[in-house]
Amino acid sequence: DAGVIQSPRHEVTEMGQEVTLRCKPISGHDYLFWYRQTMMRGLELLIYFNNNVPIDDSGMPEDRFSAKMPNASFSTLKIQPSEPRDSAVYFCASRTGGSTEAFFGQGTRLTVV
Amino acid sequence: GQQVMQIPQYQHVQEGEDFTTYCNSSTTLSNIQWYKQRPGGHPVFLIQLVKSGEVKKQKRLTFQFGEAKKNSSLHITATQTTDVGTYFCAGNNNDMRFGAGTRLTVKP
Numbered sequence: 419d420a421g422v423i424q425s426p427r428h429e430v431t432e433m434g435q436e437v438t439l440r441c442k443p444i445s446g447h448d449y450l451f452w453y454r455q456t457m458m459r460g461l462e463l464l465i466y467f468n469n470n471v472p473i474d475d476s477g478m479p480e481d482r483f484s485a486k487m488p489n490a491s492f493s494t495l496k497i498q499p500s501e502p503r504d505s506a507v508y509f510c511a512s513r514t515g516g517s518t519e520a521f522f523g524q525g526t527r528l529t530v531v
Numbered sequence: 054g055q056q057v058m059q060i061p062q063y064q065h066v067q068e069g070e071d072f073t074t075y076c077n078s079s080t081t082l083s084n085i086q087w088y089k090q091r092p093g094g095h096p097v098f099l100i101q102l103v104k105s106g107e108v109k110k111q112k113r114l115t116f117q118f119g120e121a122k123k124n125s126s127l128h129i130t131a132t133q134t135t136d137v138g139t140y141f142c143a144g145n146n147n148d149m150r151f152g153a154g155t156r157l158t159v160k161p
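Just so you know, the protein sequences line up as chains A and B, in that order. Going left to right, the first sequence walks through residues 419 to 531 as this note's numbering numbers them. Going left to right, the second sequence walks through residues 54 to 161 as this note's numbering numbers them.
A few of these clues could be false.
Computed cross-link-like contacts, SDA-like style, restricted to lysine to any residue with a CA-CA straight-line distance of at most 20 Å [claimed, not checked]:
(1) Lys-160/B to Pro-61/B
(2) Lys-109/B to Tyr-75/B
(3) Lys-104/B to Thr-456/A
(4) Lys-89/B to Glu-120/B
(5) Lys-109/B to Gly-460/A
(6) Lys-89/B to Arg-503/A
(7) Lys-109/B to Met-457/A
(8) Lys-496/A to Thr-518/A
(9) Lys-89/B to Tyr-63/B
(10) Lys-123/B to Ser-517/A
(11) Lys-110/B to Thr-456/A
(12) Lys-89/B to Arg-459/A
(13) Lys-110/B to Glu-519/A
(14) Lys-104/B to Gly-93/B
(15) Lys-89/B to Lys-496/A
(16) Lys-89/B to Ser-476/A
(17) Lys-89/B to Thr-456/A
DEER-style ranges, computed between Cβ atoms [to be verified]:
(18) Lys-112/B to Val-531/A: 40 to 48 Å
(19) Met-433/A to Thr-115/B: 45 to 53 Å
(20) Gly-93/B to Ser-476/A: 25 to 33 Å
Not close to chain B: a few residues of chain A, all C-beta gaps over 12 Å, as computed [to be verified]:
(21) Gln-424
(22) Glu-432
(23) Met-457
(24) Asn-468
(25) Lys-486
(26) Thr-518
The hints are simulated quantities; they were obtained by calculation from the structure and are not laboratory data. Think of the CB as a built atom: it goes at the ideal place given N, C-alpha and C, for glycine as much as any other residue.
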């Protein structure tokens, strides 16, 4: 298996633009997590899904952020409109079951100018 | 979800010195996981502790889970430059919320 695949690896966009980050979890994994990492706030859990259903989105910063998981092999995190303070590395992770190791993607480095 | 506090935030050691990072939770954890993130990389799973008082070793790394299952530690004996990175704990119920991490730097 190729592991968790995220795209793009890098994204530079202008303030106000829509940004869509993509994640393909490991096949067979039924949990998917989205994280945001910054120097100031560390590794924050934004939202997680179980069997494609959002379970906890309390970490989503505000209405500008939305996440979907239309099927077991694909998830998106969308920011609309983007702001400079959204600049961060966004990680997707997946795992099987409720208490097993999680596998992280390589991350998407987002820069909003 | 539960919050886990991790200390110290930074640790700089001379190569060969020992290193310890601590993770504390206000609530009892079902289990705890430790991850390592190399500079510029992504978190990679190291180990999971489940039982009260559990101790596990991986070469120079020793992981402990407290008796009350509210705290954990990671100890590295005789650090090497390859140990550089940020070490995270995650209090693990179904969600997976990470501590702030401890950034370790090692001076050769």
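How the hints compare with the structure:
{"no.": "1", "hint": "Lys-160/B to Pro-61/B", "result": "18 Å, holds"}
{"no.": "2", "hint": "Lys-109/B to Tyr-75/B", "result": "15 Å, holds"}
{"no.": "3", "hint": "Lys-104/B to Thr-456/A", "result": "32 Å, violated"}
{"no.": "4", "hint": "Lys-89/B to Glu-120/B", "result": "24 Å, violated"}
{"no.": "5", "hint": "Lys-109/B to Gly-460/A", "result": "26 Å, violated"}
{"no.": "6", "hint": "Lys-89/B to Arg-503/A", "result": "26 Å, violated"}
{"no.": "7", "hint": "Lys-109/B to Met-457/A", "result": "30 Å, violated"}
{"no.": "8", "hint": "Lys-496/A to Thr-518/A", "result": "27 Å, violated"}
{"no.": "9", "hint": "Lys-89/B to Tyr-63/B", "result": "14 Å, holds"}
{"no.": "10", "hint": "Lys-123/B to Ser-517/A", "result": "17 Å, holds"}
{"no.": "11", "hint": "Lys-110/B to Thr-456/A", "result": "30 Å, violated"}
{"no.": "12", "hint": "Lys-89/B to Arg-459/A", "result": "17 Å, holds"}
{"no.": "13", "hint": "Lys-110/B to Glu-519/A", "result": "17 Å, holds"}
{"no.": "14", "hint": "Lys-104/B to Gly-93/B", "result": "33 Å, violated"}
{"no.": "15", "hint": "Lys-89/B to Lys-496/A", "result": "27 Å, violated"}
{"no.": "16", "hint": "Lys-89/B to Ser-476/A", "result": "25 Å, violated"}
{"no.": "17", "hint": "Lys-89/B to Thr-456/A", "result": "16 Å, holds"}
{"no.": "18", "hint": "Lys-112/B to Val-531/A: 40 to 48 Å", "result": "44 Å, holds"}
{"no.": "19", "hint": "Met-433/A to Thr-115/B: 45 to 53 Å", "result": "47 Å, holds"}
{"no.": "20", "hint": "Gly-93/B to Ser-476/A: 25 to 33 Å", "result": "29 Å, holds"}
{"no.": "21", "hint": "Gln-424", "result": "9 Å, violated"}
{"no.": "22", "hint": "Glu-432", "result": "25 Å, holds"}
{"no.": "23", "hint": "Met-457", "result": "10 Å, violated"}
{"no.": "24", "hint": "Asn-468", "result": "7 Å, violated"}
{"no.": "25", "hint": "Lys-486", "result": "19 Å, holds"}
{"no.": "26", "hint": "Thr-518", "result": "8 Å, violated"}
When held up to the earlier numbered hints, the structure conflicts with 3, 4, 5, 6, 7, 8, 11, 14, 15, 16, 21, 23, 24 and 26 and fits the remainder.
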